Each structure stands twice: as structure tokens, then as C-alpha cells.
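Peer 1: First to last, the protein sequences are chains A and B.
Counting in our numbering, the first sequence runs from 6 upward without gaps.
Counting in our numbering, the second sequence runs from 507 upward without gaps.
If you are wondering where the hints come from, they were derived from the structure by calculation, not from laboratory data.
What you are looking at is a predicted structure, and each value in this text was computed from that prediction instead of being measured.
One thing to keep in mind: the hints can contain errors.
As the list claims (entries may be wrong) - Chain A is faced by these chain B residues, among others (derived, beta-carbon under 10 angstroms): (1) 511; (2) 519; (3) 525; (4) 528; (5) 600; (6) 603; (7) 610; (8) 611; (9) 645; (10) 677; (11) 693.
Stated by the list, open to error - Residues from chain B that keep clear of chain A, each with C-beta distances beyond 10 angstroms, as calculated: (12) 547; (13) 631; (14) 635; (15) 665.
Unchecked claim - For each label pair, taking beta carbons as the anchor points, the in silico distance ranges come out as: (16) B:727 x A:259: 40 to 46 angstroms; (17) A:209 x B:612: 33 to 39 angstroms; (18) B:572 x A:133: 54 to 60 angstroms.
Using N, Cα and C, we set each Cβ at its ideal position, and we do this for glycine too.
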Amino acid sequence: MSDESSGMHLTLEIWRQDDADDRGRMETYHLDDVSPDMSFLEMLDVLNEQLISGGREPVAFDHDCREGICGACSLVIDGKAHGADAETTVCQLHMRRFKDGDTIHVEPWRANAFPVVRDLVVDRSAFDRIIARGGYVSVGTGSAPDANAIPVPKDRAESSFEAAACIGCGACVAACPNASAMLFVAAKIAHLSHLPQGAPERDRRVLAMVDQMDREGFGNCTNHFECGAACPKGIEVETIARMNREFLSAALRER
Amino acid sequence: MLRSLGNALASSVGRKLVLGATGFLLVGFLLEHLHGNLKLTPIPGLGDAEGEKFDTYVEFLKSFGAGLYLAEIGLLLLFVAHIVIALKLAMENREARKQGYVVRSDRGAKTVGSASMHVTGALLLLYLIKHLLDFRFDAGFHESPAAFVAETLSQPVQALIYIAVSVVIGIHLSHGFRSAFQSVGFSHPRWNPLLVVTGRALAAVIALGFAWIPIYFLFFHG
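This is chain A alone, in the form it adopts within the complex (with noise of 0.2 angstroms):
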């Protein structure tokens, strides 16, 4: 702490990038009286006014609702995916995990799948598209279903939901000494899988969504475990195991 403020002086090292096209690299900028109650990205925004009364472009990087819950947030601070807390998106990091004086590294995701639009914006639609090619299931319109119509075992209720935890964030990717998306596309599967209203598509979801994430040009995945360690949401790699099992399944049923 500084004599003269209750803030902390902070340099930050920030990716800064015009677009797609531009090379990108990264800047320095410093910081006076940040407050240890704002949270990470309150932080940036405290930056960005400064930049823009300066008459210089802000930092741009993805958010939305501020809460941990949509996966908007994508930063990798100091090398890591949502920065060094466990179980915890930027936008929920606070400054008070920080020392005055410190220098902080900050980057988009880093994969090819994900290629950056600018500064710490990177184009995560081949998630929807993985998505797309089955991350559904399809219900009868019409009237209401009376609930508790299909009974579903309060274990595999528990296990699905656990899997559709995952906000979709793309941490699992960055994370990654593969940029491979398997935890995502994993998770993804399983949500849907554990359920019986998730049955009659399943053995069509897992071939296609597969087949859809490797288009994309994520890695493979090796087994390093590092998408689970920086998952903010907890998303277990036994997913991915299952992920295999039902793959395998249905490729061998496919007829």
C-alpha cells in the first residue's frame, strides 16, 4: 500500500491487438489506487476510462453478466485461464488476490479454433457450431408435458446437471497444452447423454459433435488434465473418459 492512496499501484502487461489481421503485441500500462475490492474486470474498466479521458483506444475484452454464470469472460492472466483462483471466472477475481507493486500479464485465449477479433476478444463461434451439429434434443411442441412424465434417477439427474454446468467459456481450450476442446465437447455430450429425453439422438450427437470439433482445428487431447485444474466451473475430466466410451459405442453400433 502506498502512503499517500489505500489503492495499489499495479503495471499491467496487456495483449493488445486491431484486428485479426494485425500482428498484436504487448503493452504497458500503469495503474494508481486500484481498489482491492474491485474485481478484475472493474479493474479494466478503472484502465479504459483512463485510456479513453487520454484520448487513446480502451482495451477491448469480452463480458457479460458479471455474475460467473454466462462465460463471456475469457482472459488469461499471468498464464492462466481466468487467472490463478480455483473454480473461479475474471469477472469474479478481485483485485485483493494481488500485491501492490505487481505486474500482470494479460492475454486472450490462444488457440486457432479461437482466432482473436481484437485486444482480448477472441471469436469463440466454433462452439456454436460444435453445438449445432448436436448439442440438442428435440421435444414435441404443443401442450405442456405433465411433469415427472419421464422419470430420470435422481444420480443421473445429478451427474447431467454437473455437466451442464459448463457455461461454455472456452477456459478448457486456453488451459490446454493442446488447445484441445474435449472437456467442452465432453461436457457438452454428457448434459445431454445422462437424461432420457437425451436417448434418441445420442448415439447421432457424439459422432457429430466430434466430428465438428475436429474441423474446427482444435488439438487432441493428450490427458494433461490441465482443462479440469482450470475449469471454472469444475467440470470433472471423467467426462471426457465417458466422452470416449460413448464415442466408441456408437461408432460401433452405427450402422
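Put chain B on the given structure of chain A with help from the hints.
Peer 2: Okay, now just chain B, sitting in the frame of chain A:
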């Protein structure tokens, strides 16, 4: 159906499955290979210092005639599949993140074994070629197997190479065994800790077992 199965096995998940399955079979081969090689050293009930039990074992294997060649071809295919897939995956993974991080920090899930699979794998491939040239394709070995091994491994440089490679195998398996289970789809919170321990123990047993043979010939034989 076969075509679609072929496509499935060529996918990222399919190749993982094949890599894991061939890995398991290669571990099985390694265990039998170790069992056979330990006959070179005086272990009660297994081997003797004169190498008689080892020579008998070699004769036993050769008694299969064409069957042995078939087994060797099968083994070769296992190695080729395992190596080709691993190389392809490693190259694709390098491509998947062309622009890397300026600062990179992992969360401790990555291990020395997992991070060095491509390095240990490449070293083992080079070693495999050397190993085959040393023994399998050397006429001296086929004339008098145990004596030839004793002569080769009594040379300090050779012995040190073989000891070093045993360590490399151990590092490779410290990740490989556990990883293969995950790749073929086996993962369960109750069994995973046991798999990790078993994998490391197996890696240590195989590494120490193979290292023991050159150590024996370097320091204790003759």
C-alpha cells in the same frame, strides 16, 4: 459399417482409443520381454549367471518357427500404429496453437511424464532401432544369445545407454498407463487414485527391472 468405423477411428477420439489400446498391448509385451530378459541374471527360479535359462527361452521362442515371425509382424504393427498416431497427434497439437502465450503457467495437473511424452516417445523410437540392430539383427546374438548379451552389456557405454533408456521407459509409462485407461474410456472417481498409483508402480517396476540387467552385467557379472 466398416467404413464408418474406420472414419470414427481416424477422428481425434478414435485415434486416442487406438493409442491407448496399443499402449496397453505394448505394456503387455514389455512385461513378457522383461520376464524373458531377467533369465539372464541369477534370480532363483527365473535365471542363472551362466545364461542357460535365457538360451533355453530363446530356443523355446524359436521353436514356434513361422509363428514367431507372425508374432513379430504383429508386434511391429503395434509399434508402428502407436508411433504413427502419436507423431500425428503431436504435430497436430503443435499446429493447434500457432500463436502461443507470452506468459504460460499450468495448474499442476500436467506431470513430467505427460509433458514429455513426445520426447520420451521419440527417444524410445531411436532406441528401438538401436536395440533391434544390437541383438535381433546381429548374427552373434543368434549363435550364442546369453553370451552375446553379456559381452554387449559389459561395455560401460552400452550399459549406460540401456540404463538410461530404462528410466525413459519409466517416465513414459508413468503417464502412459493411467492415460491409456482414460483414452479407452475408463475413469471412475473410486478407481482413479488406484490407477495413478498402479501406473507409477508399474512404471517403476518395469524401469528398475530393465535397468537391473545392464547394471548386473556392468558390476556383478563375471
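Peer 1: Run every hint past the structure and note whether it holds.
Peer 2: Going through the hints against the structure:
1. 511: 6 angstroms, holds
2. 519: 5 angstroms, holds
3. 525: 9 angstroms, holds
4. 528: The hint is violated - residue 528 (chain B) has no Cβ within 10 angstroms of chain A, the shortest such distance being about 15 angstroms.
5. 600: 8 angstroms, holds
6. 603: Since the shortest Cβ distance to chain A is 4 angstroms, the answer is holds.
7. 610: Constraint on residue 610 (chain B) satisfied, holds at 5 angstroms.
8. 611: 3 angstroms, holds
9. 645: At about 40 angstroms, which exceeds the 10 angstroms cut-off, the nearest Cβ of chain A leaves the hint on residue 645 (chain B) violated.
10. 677: Nearest chain A Cβ about 15 angstroms off; hint violated.
11. 693: Hint on residue 693 (chain B): holds, closest Cβ of chain A at ~3 angstroms, below 10 angstroms.
12. 547: 35 angstroms, holds
13. 631: Residue 631 (chain B) clear of chain A: closest Cβ-Cβ about 17 angstroms, beyond 10 angstroms.
14. 635: 24 angstroms, holds
15. 665: 32 angstroms, holds
16. B:727 x A:259: 40 to 46 angstroms: The hinted range 40 to 46 angstroms is violated for residue 727 (chain B) and residue 259 (chain A), with Cβ atoms some 57 angstroms apart.
17. A:209 x B:612: 33 to 39 angstroms: For residue 612 (chain B) against residue 209 (chain A), whose Cβ atoms are near 36 angstroms apart, the range 33 to 39 angstroms holds.
18. B:572 x A:133: 54 to 60 angstroms: 57 angstroms, holds
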